[in-house]
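Residue numbers (our numbering), protein chains in the order written: chain A, -12 to 242; chain B, 722 to 833; chain C, 14 to 159.
If you're looking for bench data, these hints aren't it; they were derived computationally from the structure. Mixed in with the good hints, there may be bad ones.
Each pair of labels, with its calculated beta carbon distance range [as the list claims (entries may be wrong)]:
#, chain 1, residue 1, chain 2, residue 2, range
1, A, S171, B, E759, 48 to 58 Å
2, B, L747, C, P122, 44 to 54 Å
3, B, E759, C, L45, 26 to 36 Å
All residues carry an ideal CB built from backbone N, CA and C; glycine is no exception.
Spelled out, the chains give:
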Amino acid sequence: MTQIPGLAEEHTSTPLSSSQSITLRIAKYNPVHDTEKKFMEFNIPYEKWTTVLEAILEVKKHFDHSVAVRFSCRQATCGSCGMIINGKPRLACFTKISELNSNIITVEPMNNFPIIRDLAVKFERLFDTHHKVKPYIIRDDTEITSDTKEFLQSPEELEQYIQFSNCIKCGLCNSACPTMATDSSFVGPQALAQAYRYVADSRDKGKDTRLKIIDESHGIWRCHFAGSCSQVCPKGVDPAMGIQLLRGYMLGFKS
Amino acid sequence: MRESIIMKIHYGSALAAVGLVAVHILMRLTQGYAESLEYANVIRNYHFLPYAGMLEIILILLSIHGFIGLRVILLELKQGRIYEKVISYSCFIAMIGLITYGTRTIIMVNMG
Amino acid sequence: MTNNSENKKGIGGMIDPRRYGIERIAYLLMRLSGLGLLVYFIAHIYETSKILQGQFGWNEMIASTQTTHGHIILAIIIGMCVFHTVNGIRVMLGHGGVGVGTPTRPDYPYSPASQNIKHKIGIYSAIILAAIAMMYGLAVMFGELK
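Construct the complete structure from the given sequences, taking the supplied hints into account.
Written as structure tokens, this is what we have:
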């Protein structure tokens, strides 16, 4: 562990000059030459509105430019800054330091995702599994060939899936899932919830196709309803609900 | 076999076994726990054909449920085509083995 | 145990019950009780086969299991059996989409409808019933109850 005291000379445009401060522990790991994670510690002042992402960016600006972190929108919309914060998957931009109630904040890359470097992880597998469940409306008459050119839907029909369309593909659910901790082939809560999002869409006719895709040895049946995915979702998607409702079709509870 | 069929068998065998296991345990309690385990009592149970039949059904249901459950856990621990085939067949063989061994006890005691 | 290439926590991550509430604890207990019951079931099939050795073989087997340790192990088995059954019914209903809530537009702060009070009551009931069954089993085995 390396302790780097004091601030560098450089000035920040948004100075964090509060009397309160926390110790930010950042996991450093480069798969090219490191065998295991090392933690760097930084003393960071914070205000009650300071987010973990802002604290990490403060470190990047003043202490260690090399910290690798992926971020973009800073408002829980792009789903880029997912990481393990004090042991739980969270969006760094959506997590205020003050709400963690701890003087030590430990940030690590998300579990169940290969590490690129430090806090940045690869999303290829998440996008692959997402793509695998055909995340788009399937029907024979497409907009291009249909005379009507639009598919009407009642507000009640919209309610059936709108919650699941809030998914920002941040990967927190896959990171929290206990099955994914050991099963590299599991399709995962993110993709399964998206399968439900389209199956429940009244415009979609691809239910049978999708149910067939997820009915395999590492498909929907490897979910055991532990619900950790729903507890960490920053958008209220509740993947566990979607998965169980989807499984309801396969067990004959729904048609 | 499709995974959904395997899991429906897993759930179905569990539900069916719950009632029968309850009867099996109640038989121990209604006769008095220690008395019910006496040799003569146990032999009498095995000779009573409906009870012996129930034991056989419990044996089959719990073997199926138990080994499908074990297969699920093992499939989640490690992946790979060969590993998964080995696990699936091993669990099936172990299930058949256990059913055969238990059936042998039930039949031999019931017949003799 | 971390698999560095995939950054997976492995079995340690799977069985870690911290931070995710009672549902994750129920998931762990369900696995452990399932494995425990399978081991007991195999042992039970083996021990009951001793009846084929006649009265002597049977009595010898009974004597080896009717000890304080044997009773405690059997009480744990009873607890596992009750928990696995009650929680199993809850999980099965959940798997069918029963009691997991209905889709709706989520409002901040988000509270997952699938992790609702009905399922929490189901889990706590399973634990309480398992504890009661264990105590009853111990009372019966140690001769307190006939």
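Here is what the structure says about each hint:
1. A/S171 / B/E759: 48 to 58 Å: Since the Cβ atoms of A/S171 and B/E759 sit about 53 Å apart, the hinted range of 48 to 58 Å holds.
2. B/L747 / C/P122: 44 to 54 Å: Since the Cβ atoms of B/L747 and C/P122 sit about 48 Å apart, the hinted range of 44 to 54 Å holds.
3. B/E759 / C/L45: 26 to 36 Å: Since B/E759 and C/L45 have Cβ atoms about 33 Å apart, the given range 26 to 36 Å holds.
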